[in-house]
Every structure is written in C-alpha cells, then in structure tokens.
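Line by line, the protein sequences give chains E and Y.
Numbering-wise, numbering that gives the first Met the number 0 puts 120 at position 121 of the first sequence, and it's gapless, one number per residue.
Numbering-wise, numbering that gives the first Met the number 0 puts 412 at position 413 of the second sequence, and it's gapless, one number per residue.
Misleading hints may appear alongside valid ones.
Said to hold, decoys possible - With the C-beta cut set under 8 Å, the calculated list includes, among others, these residues of chain Y facing chain E:
hint	residue
1	ALA70
2	GLN116
3	ASN125
4	SER128
5	CYS187
6	LYS190
7	LEU265
8	GLN273
9	GLU319
10	THR322
11	HIS401
12	PHE402
13	TYR522
14	ALA528
15	ALA529
16	LEU538
Just so you know, the hints here were simulated from the structure itself, not pulled from any lab data.
This structure is a prediction, so every number in the text was calculated from the model and none was measured.
For every residue, glycine included, the Cβ atom is placed at its ideal position computed from N, Cα and C.
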Amino acid sequence: MAKRAGNIVAKFRINRFWSALITLVVIYAIVKWLIPAVSRWMTDLPFPLTVPGELIKIYMILAVVAMILLVTFSQKHLDEFLRPVLKFLRAEYGQIPRAVVLLLISLVIGYITYGVAVPTSETPISLRIQHPSSNFPKKFEDLKNPAADPPEAEVAAFIEQAKANDIALIAQVATDVEHWLEENPDGHMLSFLPTAPVKKFLAELDSGEVSMATAKAALIEKNLFEGRALYAMNCRACHGDSVSGDGPMADGFKLRPINFTDNGTIETIVEGYTFWRVMNGGPGLPVEATPWDSAMPEWKLSLTEEERWKIIMAEYDLAEKTPRIPEGH
Amino acid sequence: MCVRNWRPVRPVAFAILLILGVGWAVPVPAADLPSGAMPEATPELIEQGREIYVKRCSFCHGLLGDGEGPAAEFLDPRPRDFTLGVFKFRTTDSGELPTNEDMFRTVSKGLPGTGMQAFDDGRIKNGLSEDQRWAVIAYIKTFVPEFDDPEFDPYKKLVALPGSMPAYSEALVAKGREVFERAKCWECHGKQGRGNGQKAFDRLDDWGFPIRIRNVTHSWKIKGGSAVEDIYMRFSTGINGTPMPSFVKALGEDERWALANFIKSLQHQLTEHQVMKALKIDGDIPAAADDPLWAGAEAMDVRLAGQVIAAPRWQNPSIELVTLRAIYNDEEIAFLAVWDDPFQDVIHVAENELDPSELRIVGGYNSYVQPYDMVIRKLENFRDSVALQFPAKPPKGTAKPHFFRGTSSEPTNLWIWRGDSETSGEAAVIEATARGWKQEAKAQPEGQQQVNGGAVWADGRWSVVMKRPLLTEDKADVQFTEGSFIPLAVNAWDGSNGEHGMMMSLSTWHFVTLEAPTSWTVYLYGVIAALIAGAFSILFIWLAKRTKDPEPEAEA
Numbered sequence: 000m001a002k003r004a005g006n007i008v009a010k011f012r013i014n015r016f017w018s019a020l021i022t023l024v025v026i027y028a029i030v031k032w033l034i035p036a037v038s039r040w041m042t043d044l045p046f047p048l049t050v051p052g053e054l055i056k057i058y059m060i061l062a063v064v065a066m067i068l069l070v071t072f073s074q075k076h077l078d079e080f081l082r083p084v085l086k087f088l089r090a091e092y093g094q095i096p097r098a099v100v101l102l103l104i105s106l107v108i109g110y111i112t113y114g115v116a117v118p119t120s121e122t123p124i125s126l127r128i129q130h131p132s133s134n135f136p137k138k139f140e141d142l143k144n145p146a147a148d149p150p151e152a153e154v155a156a157f158i159e160q161a162k163a164n165d166i167a168l169i170a171q172v173a174t175d176v177e178h179w180l181e182e183n184p185d186g187h188m189l190s191f192l193p194t195a196p197v198k199k200f201l202a203e204l205d206s207g208e209v210s211m212a213t214a215k216a217a218l219i220e221k222n223l224f225e226g227r228a229l230y231a232m233n234c235r236a237c238h239g240d241s242v243s244g245d246g247p248m249a250d251g252f253k254l255r256p257i258n259f260t261d262n263g264t265i266e267t268i269v270e271g272y273t274f275w276r277v278m279n280g281g282p283g284l285p286v287e288a289t290p291w292d293s294a295m296p297e298w299k300l301s302l303t304e305e306e307r308w309k310i311i312m313a314e315y316d317l318a319e320k321t322p323r324i325p326e327g328h
Numbered sequence: 000m001c002v003r004n005w006r007p008v009r010p011v012a013f014a015i016l017l018i019l020g021v022g023w024a025v026p027v028p029a030a031d032l033p034s035g036a037m038p039e040a041t042p043e044l045i046e047q048g049r050e051i052y053v054k055r056c057s058f059c060h061g062l063l064g065d066g067e068g069p070a071a072e073f074l075d076p077r078p079r080d081f082t083l084g085v086f087k088f089r090t091t092d093s094g095e096l097p098t099n100e101d102m103f104r105t106v107s108k109g110l111p112g113t114g115m116q117a118f119d120d121g122r123i124k125n126g127l128s129e130d131q132r133w134a135v136i137a138y139i140k141t142f143v144p145e146f147d148d149p150e151f152d153p154y155k156k157l158v159a160l161p162g163s164m165p166a167y168s169e170a171l172v173a174k175g176r177e178v179f180e181r182a183k184c185w186e187c188h189g190k191q192g193r194g195n196g197q198k199a200f201d202r203l204d205d206w207g208f209p210i211r212i213r214n215v216t217h218s219w220k221i222k223g224g225s226a227v228e229d230i231y232m233r234f235s236t237g238i239n240g241t242p243m244p245s246f247v248k249a250l251g252e253d254e255r256w257a258l259a260n261f262i263k264s265l266q267h268q269l270t271e272h273q274v275m276k277a278l279k280i281d282g283d284i285p286a287a288a289d290d291p292l293w294a295g296a297e298a299m300d301v302r303l304a305g306q307v308i309a310a311p312r313w314q315n316p317s318i319e320l321v322t323l324r325a326i327y328n329d330e331e332i333a334f335l336a337v338w339d340d341p342f343q344d345v346i347h348v349a350e351n352e353l354d355p356s357e358l359r360i361v362g363g364y365n366s367y368v369q370p371y372d373m374v375i376r377k378l379e380n381f382r383d384s385v386a387l388q389f390p391a392k393p394p395k396g397t398a399k400p401h402f403f404r405g406t407s408s409e410p411t412n413l414w415i416w417r418g419d420s421e422t423s424g425e426a427a428v429i430e431a432t433a434r435g436w437k438q439e440a441k442a443q444p445e446g447q448q449q450v451n452g453g454a455v456w457a458d459g460r461w462s463v464v465m466k467r468p469l470l471t472e473d474k475a476d477v478q479f480t481e482g483s484f485i486p487l488a489v490n491a492w493d494g495s496n497g498e499h500g501m502m503m504s505l506s507t508w509h510f511v512t513l514e515a516p517t518s519w520t521v522y523l524y525g526v527i528a529a530l531i532a533g534a535f536s537i538l539f540i541w542l543a544k545r546t547k548d549p550e551p552e553a554e555a
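Please build the complete structure, drawing on both the sequences and the hints.
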C-alpha cells in the first residue's frame, strides 16, 4: 500500500532544482508579504508591521545556505539538482531559451549592482527598544500603587467622610460633582457614582453596619473616578478616550502614542516601571529607546505623585489589563 | 522513500497557506449601523447606561450632560451639551432631533478631528458592545425631554440618500463645482474650500462659542465623516446649532450628490514619505514663494500636533499640516513651507502674551491652556509664524536632539519666520539656537543672521520661503552637504487662534536630503557587472559541455 502511494506521489515529484527554487520564492513571499499581512490581521492596526529589509536579507541567506546543504547532502542529490542545469546549458531545451535566460540573468545582476551603487534616499533606520531597563532604578521595581490599595487609616477616614456625607474629592472633579448634587440633592453624595461597590457601600451605610472591605472597595471606585478624570484631562489628547493610542493629537507624532489595550504594553511591566515612565517621560529614556523621538512629557513637572498613581490605576482599568507582578513575590 | 517523496510537495502547502493568510488579513469594516432597532429604554437599561456614561463619557460631557466635564475646558470644539437637545450630525431635517441610529453612528465612529472618538468594540479592543452603546444612548436621551414628545419624532423627518448615486467622475465633479459656485458655498468655505470665507470670529454658535468654518480639504478634520455619502448628508440636513444650513429645498438631489463629489475632490491626499529630496538646479534659487520652479521640487507633507509636552500645553492647534519643498544649487538652499490659515495675522501685541509660570507648577489645577479663558483668540493680536528646526550639530549615528527644541547639550538651530515684519520693522526671519523648551530660543548675533525670507498669503494659504547659504562658518548652524540626511522638524503658530510662544503646533523629526547627482561611474559598475555575468555564462556553457552526465537516480 505504502509503496503504491509512494509511486503516485512520485509522479508529481518535482526535480530538486525546481523544488529548491520554489522553496526560496515561497520563503521570500512569506517574509515579505505574509508576515506583514498576518501582523495586520493580528494587531488590528491600520498598517502592516513589515519585516525590516536587513532581516529579510538574513532570512534569505539562511534559506540559501539550507538549500545548499540539502542539495549537497549526497552526490545523488547534487546530480539530481545539476541535471536540468546541465541540460539547459547544453541547449537541450533550445538555443533561444538559453540565450534569453542567460542574458536576463546578466542584466538583472547588472541592474542590482547599479541599485546598490546608486545613492538612495530611504529613511535612515533607527531601531528602538520599547521597554528599556538599562537605567531603570531597582527601587521602583517593588512599588505598589497606593491608590489601588489604600491603607486602613485612609479607609477609616473615608467611612467617617461618608457618614458625614462629605467626601473629599480632588479639585479637578469637585465642580462637576457639585453641579450634579445641586440637581440631585436627595441621595448620598457618593450616589453620583453608580457602580456596584459604591451601591453596596451606601446600602451598608444605611443599615449602620459598614465593613472595612466594602468601604475599601468603594474608596477604590472613588480613586478610579478621579484617575479617569485626570487621564481625560492630561493623557487623553494623545493616548485617546479609550487608551487605544489614537487621541486627536496622535497623527502628529511619527512615534505614535502607545496603545495600552495592546498585549505587550502595560501588562508586561510592573507598576513601578509604569510610574517611572510617567514620571520621567521621553527625556528619561536611555539612548537605545531614542528619547529624541518620544513626545511623552516629564509628568513629575506637572502632576503630583498621588495624581500620577491615580492615572496609572485608571489606565490599567480602562485597558482591562493588570500589571506584571514583581519577581520574588 | 514515500515520506521523502512528499518533501517537494511542501512548497505547494506553503503557497496555500500564503493565500489563506492574505485572505484573513483583509480588515472587516466595523459596523456603524446597529443590527436591529434600539431596545426599549427600561429603567434597568438606563441605569446600565448611566454607569457606562459616568465611566466613559462624563469627564468631557459632564455628570449632568451639560458638556461641562473636567476635561471640557481644554477642548475646542467643546463637548456637546446634550441638555439643549441640539445635535449636529443627523439624517433628519434641519433643526430636528437625531434618530437612534444617528446617535448610534456617532457613538460608534466618533467625530474625526474632535475629542469624540470611536467607542465601537469592533474598532477598539476595550470598546462598547452594541447593547452597551444602546444603554448609554438610552441614558443620554434622558437629558433631552423633547425625545419623549411625539411631536418631535425624528423618524417623521428623515432625509434619505439620493435615489441614484453615480460613481465619482470628472464630469460629476465639474457639475458639483458649478453647484458650489451657484449655491455660494464659497462665501463661507472659500473658493478653494479652505474655510477662509469669513472675515472675523464675529459669529457665535448656539452654545456661545465662536464659529470656525471647516477647511473641507483636510479630510481628517471632517467631523461628520469624509465619505461622499457623509458629505451629502451634511448639506442635506444642515448642522444644527451652527450657520450651516440645509440645502434640501434649494438644491435637487442630483445637484447635492454632484456637490458632495466636488467636495470630495478637494480633499488633500497626504504624502507618506519622511524624507524630502531637495531639487538641485543650476540657476538662481527662487526667492519668491510663488515662483513656478517650486512645482518641480518634491513635496513632503508634515503633520503637526498641538504642543502638549510641557506647560503651557495646547490642545487646539489650527495648523495640522505644513507642506515642505526644497531647492538648492552650488551655493544656497531654500525651503518653501505652505499651510492653510484662513486669516493673515501680521500684528503682534507682546503685552497680551500668556505668562505660563502659573501653569508650570506641580499639582496645579492643570497645565493646559483653556482656549476660551486664558488666551485671546481674535484678529490683530498675535502674528502668524513658522519655524524650521534642524540639529545644530551633525547627528552622530541615529542620535538626534529631542524634537521639541533639543536639550542643553544637544541644541537645535531654528529658522523662525514671523508674519509681522512689515508692522514691526524687524527682519522677517531670525536664526536662533534652542537648548530645550525650558528657556526661550536665543537669537544668534546680528552678524550671523544669514537666512532670508519671503512670504505670500493668498486665498487662505501662507507660502513662506527661507533661504541660506549651504555652508556657513557659524558653529551653531546646520550645514548642508550632498548625500547626507539632515533631520528637520516644523513649528507653526496661528496668531488669531491665540498661538504664541510654546502654544504652537509642532512636528517630530523628518529628513531632508540633498540628492547628489548620479555619478557616471554608477552606470559603469552596472555595465561591468552585467558583462562579467555574461562571461561567466559562457564559461558555464563550456564547462557543461565538458562535464559527463551524472548517472540517473535509481528507482526505489
């Protein structure tokens, strides 16, 4: 049975010379067109991620080396490979095809040589490392976001504020909440925030039995609200309403603002790293990350530490991502 | 043996995979139309919508839907105040409410050129599902009591697309141009569609903000969408709250369709390259911005963003595109910068400049400029200006100064053209050295000022030429040599938009290269290589004839 199947396949066998040639063409097609096409499908970006020209060269050299190894594996392989070549050179396929093909090959080689020698004007390549760590201070590695895990004293103070119906809010959101309270004077002040943890907290507050866990969850909701507002004020213009790196300013920057919903961005780094990047911006980057192309501001000049942490918390929440846990924990 | 024989088939499998791969990669357009009618607005749906609204919408539109959220004060156009019940982008008659589907489209697609972005989960990973979008629309509708009044039912006032929509053609565009003239669209939008028809910011919209007429040639700023169908809808429904009327009664369906195609034909097609080739000429460098020689030089579109890197941050730049060209000869190089600006601002009142010191504090209320509060946006106040920026020192490897004015160790060389030279009596162009944004760029000493400029403003467009010798003795100057890639960035200011100082638009680094003329040796190399290859071919033929045929492979 097996032998018969083998014979059938043998009928469709291609000579080793042609199979080597086709394999090279297919590998080139994959690297040049398929990978960019698949990248576009996978990332949903409006542009393909092309394989750099230098990398294509390396792949093709490897492929050619592999083909040479395969062909010279044994004398039999080599003979099979050479047979059509020799036939062709002896004009067994005809004088005219031989003349045309050889002339074409000569002209192509001449053209490629001209192409290499002629001065070109392609954008100088500048490779860039996205999460550089060469100057990342170790002490940031283990930082925890205080807004996402408020200490007990803060939760207790929050409960007191809630009982007095006088929650402390950052100035940036206070005005809008006040307007809302003028129109909705009956309920508790926090009811402007209609999320489940806040509703549960308000219900417990009514019943007089407030647990620390519920209060903490509600405080985190309040911090998130403030973080989202600070994000909308400070980061939205570039990183976009929905942290997708597509804000109204994004098209003006050649190095586009990062899309936090992409895998491989904020979820692959520890929170302390995010904090360090937000703090020092483009100018804080090491040379391998091309600081001169980054429009990221040094936020330590404009935002307080508390504001930065709240923004980071909102960023992860909006992107539906969690930060990487520091190693050793 | 059988297994071995499969090997040559593998390339075919690869080819099939390749075809499949290309098939998958075709992007599926996100739906702007819902799959069905809006669900009934139950209290549960409205409460679900409120939670989404507070999380995703309230920071611009306000908790009360009044367009007064914390971020609203930096935005222009301002976020919509829903409580007035005036909606701009509809498929209903002028002055009417939008349909549910109209609101669904805006929430799904967003409004290009504004802070309102797409929320469709087919467009962004963390977007809203169709049900969630309906929930938030149900909540937004609670801000507008008119939606409950059957008298205002938008479905009774629908505007449809034309019955016949012929494809885009030159003839259709020509007919549309004629309609554009006759309907006097140019009175506001300008003869070239650059939005330069108005004489001043003397008219306000329904919300009390100055009217800014759209430059219809910049497709990325067309809020209602830049497709022909979208354009058709805008002048068939009017834009509520603004002077843009509906032309349903004045123009027939086919006329409006032709007009939409004409507007489409005005849209600027952006170039994609980041390297500009300067054109080499033998004669004199053109000093005038309207010299016909410029048409022969390669154009490079440079996109600009508002300066939001350091306080005072500015989110409302009016110049988002500057098109550059360069020409040089053996002695000199000249750059032409062209951009659209509806007003020619040639006066500068230095006393009105903003003092940014209050914005430059940690934890201040914000570091952004509020366009309607903190700067004067009017005519005859600040000048129009443009600057070309180059690294002051030749870059080492790929390293460059920071695109935002360099740093103290990596300075940049600025050529700043100022529109007020005739009123101020100063030189039109100053050469300056910038060492980071924290200090003002410093003008070079009088003797080292070597850039000359000329400018023309016509039909809502500035064309500015700046010219300098290729090489100078000055160490703080960029030097132009053939064959090198010189980083180049643009800063721009629209005076009547309140822009001055760090309130500007800016670009990241692009490149200019002076194309060295191809030397004859390059062609020679090609010919020699072809000849050598030919000689080898003959050698191979000779060798092939001498070689004994290998034994045919024995069959298994």
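Task: chain E contact restraint for ALA70 (chain Y) - C-beta distance below 8 Å - done: holds, 4 Å
Open item on the list: Interface hint check: CYS187 (chain Y), Cβ to nearest Cβ on chain E, cutoff 8 Å. Holds or violated?
Closed with: Check failed: Cβ of CYS187 (chain Y) comes no nearer than 24 Å to chain E, outside 8 Å.
Task: Minimum beta-carbon distance criterion (8 Å), LEU265 (chain Y) to chain E - done: Since the shortest Cβ distance to chain E is 20 Å, the answer is violated.
- [ ] For the hint on SER128 (chain Y), just tell me whether its beta-carbon gets within less than 8 Å of chain E.
- [x] Not OK, violated: SER128 (chain Y) not within 8 Å of chain E, min 13 Å.
Open item on the list: Using the nearest Cβ pair, does LYS190 (chain Y) come within less than 8 Å of chain E?
Closed with: Since chain E brings no Cβ nearer than about 27 Å to LYS190 (chain Y), farther than 8 Å, the hint is violated.
TODO: Go through the hint on HIS401 (chain Y) and say holds or violated, using the shortest Cβ distance to chain E against 8 Å.
DONE: Status holds, d = 5 Å.
Open item on the list: Hint THR322 (chain Y) vs chain E: min CB-CB distance below 8 Å?
Closed with: Since the shortest Cβ distance to chain E is 15 Å, the answer is violated.
Open item on the list: Can you verify the interface hint for TYR522 (chain Y): is its Cβ closer than 8 Å to any Cβ in chain E?
Closed with: Nearest chain E Cβ about 7 Å off; hint holds.
TODO: Let me know if the C-beta of ALA529 (chain Y) comes in closer than 8 Å to any C-beta of chain E, holds or violated.
DONE: holds, 3 Å
Open item on the list: Given a cut of 8 Å on the nearest C-beta pair, is the interface hint for LEU538 (chain Y) held or broken against chain E?
Closed with: For LEU538 (chain Y), the interface hint is violated, since the closest Cβ of chain E sits about 10 Å away, which is over 8 Å.
Open item on the list: Quick check on the hint: ASN125 (chain Y) CB to chain E CB, less than 8 Å?
Closed with: For ASN125 (chain Y), the interface hint holds, since the closest Cβ of chain E sits about 5 Å away, which is under 8 Å.
Open item on the list: Given a cut of 8 Å on the nearest C-beta pair, is the interface hint for GLN116 (chain Y) held or broken against chain E?
Closed with: holds, 4 Å
Consistency with the previously given hints fails for numbers 4, 5, 6, 7, 10 and 16, ordered from lowest to highest.
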